[in-house]
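Model the full assembly from the supplied sequences, consistent with the hints where possible.
First residue of the first sequence? That's 1 in our numbering, and the numbers climb one at a time after it.
It is worth saying that the hints were derived from the structure and are not from the lab.
Fair warning: there could be bad hints in the mix.
Said to hold, decoys possible - In silico BS3-like cross-links for lysine-lysine, where the CA-CA straight-line distance does not exceed 25 Å:
#1 LYS156 to LYS130
#2 LYS48 to LYS246
#3 LYS303 to LYS246
#4 LYS290 to LYS312
#5 LYS130 to LYS155
#6 LYS395 to LYS384
#7 LYS246 to LYS262
#8 LYS48 to LYS183
#9 LYS48 to LYS303
#10 LYS429 to LYS473
#11 LYS183 to LYS130
#12 LYS420 to LYS465
#13 LYS138 to LYS97
#14 LYS384 to LYS421
#15 LYS444 to LYS429
#16 LYS385 to LYS262
#17 LYS384 to LYS444
#18 LYS241 to LYS312
#19 LYS63 to LYS3
#20 LYS473 to LYS384
#21 LYS473 to LYS385
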Amino acid sequence: MMKTRTRFAPSPTGYMHIGNLRTALYEYLIAKSSGGDFILRIEDTDQKRYVEGATDIIYQTLKRVGMLWDEGPDIGGNFGPYVQSERRHIYAQYAHKLVELGGAYYCFCAHKDDEEENSVSHTKLKDPCKLIPLDEAKKRIANGEPFVVRQNINKKGTSIFHDVVYGDIEIDYDELDEGVLLKSDGLPTYNFANVVDDHLMQITHVVRGNEYISSTPKYNLIYEAFGWQPPIYVHVPPVMKDAQHKLSKRNGDASFQDLVAKGYLPEAILNYIALLGWNPGDEREIFSLKELEEIFSSERLNKSPAIFDINKLTWMNGCYIRNLSAQEFATLAEPYYQHITTPIDTVALSAALQPRIETLGQIAEQIDFLQAVPDYDVSLYENKKMKTTPEVAQKALTLVLPVLENVAEWNNENLFEVLKKVAVDHEMKNGQILYPVRIALSGKETTPGGATELAVILGKEETLKRIRAALQKLA
RNA sequence: GGUCCCAUCGUCUAGAGGCCUAGGACGCGGCCCUCUCAAGGCUGCAACACGGGUUCGACUCCCGUUGGGAUCACCA
Numbered sequence: 001m002m003k004t005r006t007r008f009a010p011s012p013t014g015y016m017h018i019g020n021l022r023t024a025l026y027e028y029l030i031a032k033s034s035g036g037d038f039i040l041r042i043e044d045t046d047q048k049r050y051v052e053g054a055t056d057i058i059y060q061t062l063k064r065v066g067m068l069w070d071e072g073p074d075i076g077g078n079f080g081p082y083v084q085s086e087r088r089h090i091y092a093q094y095a096h097k098l099v100e101l102g103g104a105y106y107c108f109c110a111h112k113d114d115e116e117e118n119s120v121s122h123t124k125l126k127d128p129c130k131l132i133p134l135d136e137a138k139k140r141i142a143n144g145e146p147f148v149v150r151q152n153i154n155k156k157g158t159s160i161f162h163d164v165v166y167g168d169i170e171i172d173y174d175e176l177d178e179g180v181l182l183k184s185d186g187l188p189t190y191n192f193a194n195v196v197d198d199h200l201m202q203i204t205h206v207v208r209g210n211e212y213i214s215s216t217p218k219y220n221l222i223y224e225a226f227g228w229q230p231p232i233y234v235h236v237p238p239v240m241k242d243a244q245h246k247l248s249k250r251n252g253d254a255s256f257q258d259l260v261a262k263g264y265l266p267e268a269i270l271n272y273i274a275l276l277g278w279n280p281g282d283e284r285e286i287f288s289l290k291e292l293e294e295i296f297s298s299e300r301l302n303k304s305p306a307i308f309d310i311n312k313l314t315w316m317n318g319c320y321i322r323n324l325s326a327q328e329f330a331t332l333a334e335p336y337y338q339h340i341t342t343p344i345d346t347v348a349l350s351a352a353l354q355p356r357i358e359t360l361g362q363i364a365e366q367i368d369f370l371q372a373v374p375d376y377d378v379s380l381y382e383n384k385k386m387k388t389t390p391e392v393a394q395k396a397l398t399l400v401l402p403v404l405e406n407v408a409e410w411n412n413e414n415l416f417e418v419l420k421k422v423a424v425d426h427e428m429k430n431g432q433i434l435y436p437v438r439i440a441l442s443g444k445e446t447t448p449g450g451a452t453e454l455a456v457i458l459g460k461e462e463t464l465k466r467i468r469a470a471l472q473k474l475a
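This is the structure:
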């Protein structure tokens with residue numbers, strides 16, 4: 001059996017969108033689940049769309065999620081070059097050969113965009129250039145006349161091809177347009193380049209969006225004309241923004257980079273998108289790339305579009321955050337603490353934050369009170385469940401202050417013990433002591449951690465300072 | 001419009017004729033735990049688009065309807 005070879009062939013538009021990344025993932029998994037090779041190829045045949053630095057984004061993204069390629073522009077391989085603009089001579093050569101083989105013809109029609117109305121329909125047998133004898137066409141080219149190479153479709157009847165996810169698909173040859181294969185600028189269109197490259201690079205499985213289904217018979221005709229073996233096709237449904245719109249940059253939808261910037265972990269994003277159109281057949285949902293490589297099966301790919309649900313991604317990201325070691329989490333969270341000048345216990349802070357956030361971006365709102373207590377209203381001390389009022393709070397804080405001043409070992413256990421004792425000694429409920437302390441320290445109704453945890457994070461000095469300030473506010 | 005494709009809870013999905021009074025997950029509601037909020041545990045609400053067949057029996061097979069998507073570029 002031939003070694004599986006798949007390829008990710010993005011065009012460098014400067015943006016790695018989620019659908020693209022998912023396609024790359026499936027390509028990677030199809031290759032790796034059978035010990036095959038994953039090839040990276042840059043499809044930059046449209047010079048108008050080229051964006052400087054775009055290939056770097058592609059490299060960085062793939063590396064970031066751990067999808068390393070076996071061959072590619074930067075690392076080479078036996079089938080290079082891996083950038084299509086560097087292969088132009090190859091396409092031209094094959095295009096002319098295809099004309100000789102009868103699979104294409106030279107066309108001298110004006111560019112469609114240049115024409116007003118009634119542009120020549122290039123459906124089967126309508127193009128006048130098909131009637132130009134080959135000798136004459138060659139003469140005109142030799143004279144410097146601009147030309148394109150256009151696919152020649154003479155077949156009658158129905159084409160049929162098999163797709164791994166959609167099954168057998170039949171399309172009538174009459175439906176196929178004789179598209180341009182080699183443009184007047186000498187570069188190939190995707191329609192031609194992908195066939196030539198996939199064959200030359202010995203790609204066994206072509207994975208791509210299902211918008212290519214309708215043109216697949218045209219590619220098969222090219223393979224046939226050259227006498228080449230077509231690849232196994234795996235057309236995947238699109239990733240949607242909602243029921244009727246694809247996820248796209250145009251809609252302002254989040255790209256991989258955008259999500260990472262918002263505090264989503266690359267591993268979580270990858271895990272989530274793997275499940276957008278594929279499932280393992282059991283009820284597990286959390287998978288590392290390595291685990292996916294082991295259990296992936298293209299037979300379990302879905303036919304229908306999947307809507308990208310940021311909610312579920314957020315939940316999954318929370319799972320990944322909670323599964324991080326304390327050290328790993330601290331490292332990721334650290335940048336979000338930079339602006340705080342209050343001396344805080346960052347270890348305790350990270351410990352409090354880790355189970356409470358689902359994206360790193362949520363850290364900011366969680367810790368906004370650390371730099372300074374916000375200007376809150378004393379009515380915040382009013383809490384029916386805790387049985388507290390501003391008056392109770394004033395009493396509690398007054399009792400607590402001297403006790404805390406005498407705490408030597410400033411840690412959570414001691415603080416909790418000491419404060420509970422204050423409650424017992426004065427026949428108050430725990431909440432009547434702890435709730436006011438927490439509000440005094442944070443000025444917020446909800447906080448990452450309870451009173452004593454906040455006290456540890458802030459340290460003794462800052463804690464006492466804030467309680468005194470609260471007492472003044474309540475006076 | 002022609003052609004191709006798709007159709008299970010709000011969302012991602014399981015389901016390959018009887019195992020389905022349709023399972024899981026997210027979200028949502030409730031309860032427990034609890035120094036607030038989370039986390040964790042338990043629990044509730046919620047779907048086979050519609051109509052015909054085929055069959056002893058259809059979520060599962062066939063046809064149609066409806067609804068969506070894709071494609072018909074010197075873009076990929």
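Evaluated hints:
1. This hinted pair checks out: LYS156 and LYS130 have alpha carbons roughly 17 Å apart, not beyond 25 Å.
2. Between LYS48 and LYS246 the alpha-carbon distance is near 23 Å, which keeps this suggested pair within the 25 Å criterion.
3. As the CA atoms of LYS303 and LYS246 are separated by approximately 15 Å, the hinted pair is consistent with the 25 Å bound.
4. For a cut-off of 25 Å, the pair hint linking LYS290 to LYS312 stands: about 22 Å separates their Cα positions.
5. Distance hint between LYS130 and LYS155 is fulfilled; the C-alpha atoms sit about 15 Å from each other, no more than 25 Å.
6. Under the criterion of a C-alpha separation no larger than 25 Å, the hint pairing LYS395 with LYS384 is consistent with the structure, at around 17 Å.
7. Distance restraint check for LYS246 and LYS262: the Cα-Cα separation of roughly 21 Å lies within the 25 Å cut-off, and the hinted pair is therefore satisfied.
8. Our distance criterion of 25 Å between C-alpha atoms is met by LYS48 and LYS183, whose separation comes to about 13 Å.
9. A hinted pair counts as satisfied when its Cα atoms are at most 25 Å apart, and LYS48 with LYS303 does not qualify at roughly 33 Å.
10. Simply put, LYS429 and LYS473 have alpha-carbon atoms about 23 Å apart, close enough for the 25 Å limit, and the pair holds.
11. Proximity of LYS183 to LYS130 is assessed by CA-CA distance (about 17 Å); at most 25 Å being required, the pair is judged to hold.
12. Our distance criterion of 25 Å between C-alpha atoms is met by LYS420 and LYS465, whose separation comes to about 21 Å.
13. Simply put, LYS138 and LYS97 have alpha-carbon atoms about 13 Å apart, close enough for the 25 Å limit, and the pair holds.
14. Restraint check: the Cα-Cα separation between LYS384 and LYS421 comes to about 22 Å, which is no more than 25 Å; the hinted pair holds.
15. Our distance criterion of 25 Å between C-alpha atoms is met by LYS444 and LYS429, whose separation comes to about 21 Å.
16. Among the hinted pairs, LYS385 with LYS262 is inconsistent with the structure: their alpha-carbon atoms are about 35 Å apart, more than 25 Å.
17. Proximity of LYS384 to LYS444 is assessed by CA-CA distance (about 16 Å); at most 25 Å being required, the pair is judged to hold.
18. For the suggested pair LYS241 and LYS312, the alpha carbons sit about 14 Å apart, so the restraint of at most 25 Å is met.
19. Distance check on the hinted pair: LYS63 and LYS3 sit about 23 Å apart at the alpha-carbon level, within 25 Å; holds.
20. A distance of roughly 21 Å separates the Cα atoms of LYS473 and LYS384; the hinted pair therefore holds under the 25 Å criterion.
21. With a CA separation close to 23 Å, the supplied pair LYS473 and LYS385 stays within the 25 Å bound.
Hint check: violations occur at hints 9 and 16; the rest are consistent with the structure.
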